[in-house]
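Number of protein chains: 2
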Amino acid sequence: MKIAPPYLIFLGDTPIAELAKTGAGLVHWRPERCLAQLRFTGCAADLGVAEMSVGQAANAGARTLVIGTAPPGGQLPGHWIDTLEEALAAGLDVASGLHQKLTDIPRLAEAADRHGRQLFDVRHTDSDFPVASGKPRTGHRLITVGTDCAVGKKYTALAIEREMGARGMKADFRATGQTGILIAGEGVAIDAVVADFIAGATETLCPANDPDHWDIVEGQGSLFHPAFAGVTLGLLHGAQADFFVVCHEAGRQRLSAGYEGYPSGDLAACIKWTQALGALVRPEIACAGISVNTASLAEEDAKTYLAGLGEQNGVAAVDPVRFGVSPIVDALEKAT
Amino acid sequence: MKIAPPYLIFLGDTPIAELAKTGAGLVHWRPERCLAQLRFTGCAADLGVAEMSVGQAANAGARTLVIGTAPPGGQLPGHWIDTLEEALAAGLDVASGLHQKLTDIPRLAEAADRHGRQLFDVRHTDSDFPVASGKPRTGHRLITVGTDCAVGKKYTALAIEREMGARGMKADFRATGQTGILIAGEGVAIDAVVADFIAGATETLCPANDPDHWDIVEGQGSLFHPAFAGVTLGLLHGAQADFFVVCHEAGRQRLSAGYEGYPSGDLAACIKWTQALGALVRPEIACAGISVNTASLAEEDAKTYLAGLGEQNGVAAVDPVRFGVSPIVDALEKAT
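Protein chains in written order, with our numbering: chain A, 18 to 353; chain B, 18 to 353.
Bear in mind the hints are in silico, worked out from the structure with no lab data behind them.
One or more of the hints may lead you astray.
Since copy identity is lost for identical chains, a pair holds within one copy or between any two.
Stated by the list, open to error - When the alpha-carbon atoms are kept at most 25 Å apart in a straight line, the in silico SDA-like pairs for lysine to any residue are as follows:
no., residue 1, residue 2
1, K118, P32
2, K152, C166
3, K320, L136
4, K320, G278
5, K152, D283
6, K289, H116
None of these values were measured; they are calculated from a predicted model.
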């Protein structure tokens, strides 16, 4: 799955700006892939890039229309389909991270076929993956893990990739979820892979590489999540990581989104378990840092809190949004 | 997926008796479901049950033809298809645990359609499962785990179910792999489920039950296996087990079947990890025993070895084939 840039980011009539998180992520992390946005009247989101119609974007060289927003309820609104069909007719592919598959919408499937274009449903996968080999392979691989879902694993991975790039290190972000895949233009929606192939698909995603090359693998779920820990572990094993960064949200006491019966994972336990379980496939695996969303704290309190965490756990602790991930990349440079 | 008994077990022209393991398991564990076997000239396997043709079996009330053998290479031999089609025409369903799907063979798919019969590909699943809720539920659940694949997890679970049944305890074997599903007539091929739903599918497989009811869940893979540990962990969490039994093969030093680069899981570590990880969803989870294949040892040596294991780990250690699982069920009765 390779999604061709540049993108026309479709926002439709998004009623609340925050729903356009995917589009915002694209512009933040891959501005060079983002040509323009397409908004309907009443759209509450604005990504701060050029406004174009399908025709204008096609003339300007756009290759893919990417749905950059989440419709309430997850279903593609019927009145968006005309625009997607227009994009296919104008020679663009269409990419979506929604649950509902574009390929299941007959009008779009037929239009893609007729115009020889591709529909990318990045939340799904129909690839055949191998069973993991477990064989050692060259290259550095870092994976982000978390004390819960939605604690910044994708953001942290992208921030580390960017910081490494800025320092001239060879680094690639490896996407495992729908937003990450749209940002990177490729990847594997790991939670959509058949169970037997979780680790194998991950091996495919981040294969052997130069000894000084870094794959920064986006983690999924949490070892402390009752629904998704199996995915987390299969991904950890397939990644064969020599380093991991633990992501956390300051003040979160309980798991989120329907799992409030469970406590949020403990940071020290998350380090211990990731190290113990990851060592099966890469004995030297080590924690390279802690990445925390401290939005609930005042800036000075956040600094004190992070300093304390770093001291308790013997690694750098950062808020990647507020203060950047430099201390983590410093530690990685030192350790290798 | 409910496969109706009684079965006509199809063995075709199996060249080596050991390939008919599925048929042998059916006759061993569910003799009451097995009406007869169907063998071609030259078949090296014999399950010791009545011989019947498709017509005879249909007249005698057979409901399903079950493929009870593994063709070399895993592909269904072309010259078997006539017989399967004949079974469909005679009013039987057809069930298979092969990789190759019956439903992908046009002649069989059409015949099933024409005669209103079902094709069961138990290694595959097309059900929609929910994401796991992680909510506590009533009933006892025991899961078998292992230091490797193929160390007797299915056998041990079935032996415990049988022993409990003999004692008048309420117990159901819950199948998670193809052979187990053919034996039980139902279940979920857990390694064929999409990653996001491993734990959720397992919750569906062994839902809340009477407080004195036992679900004996067939484990898969191993926490020590680089390709399948994610499946093992998702299954452990979905099962929400209050007890587990660790399965092992005496003398196995390395993982099997292509993973010889890895040591076999350590028994004590397997107990420790299963307990620690299983406690996420059921804090009281405890090891109920160790079940070992001691076929490589002389009988007296096996007894000494098991006694030593039991003492070291503080639980009953048995060889379920040689000596039965009574000590484990004793311990479970005592503990509950």
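Index of numbered hints that the structure contradicts, given in increasing order: Hint check: 3, 4 and 6 fail, others pass.
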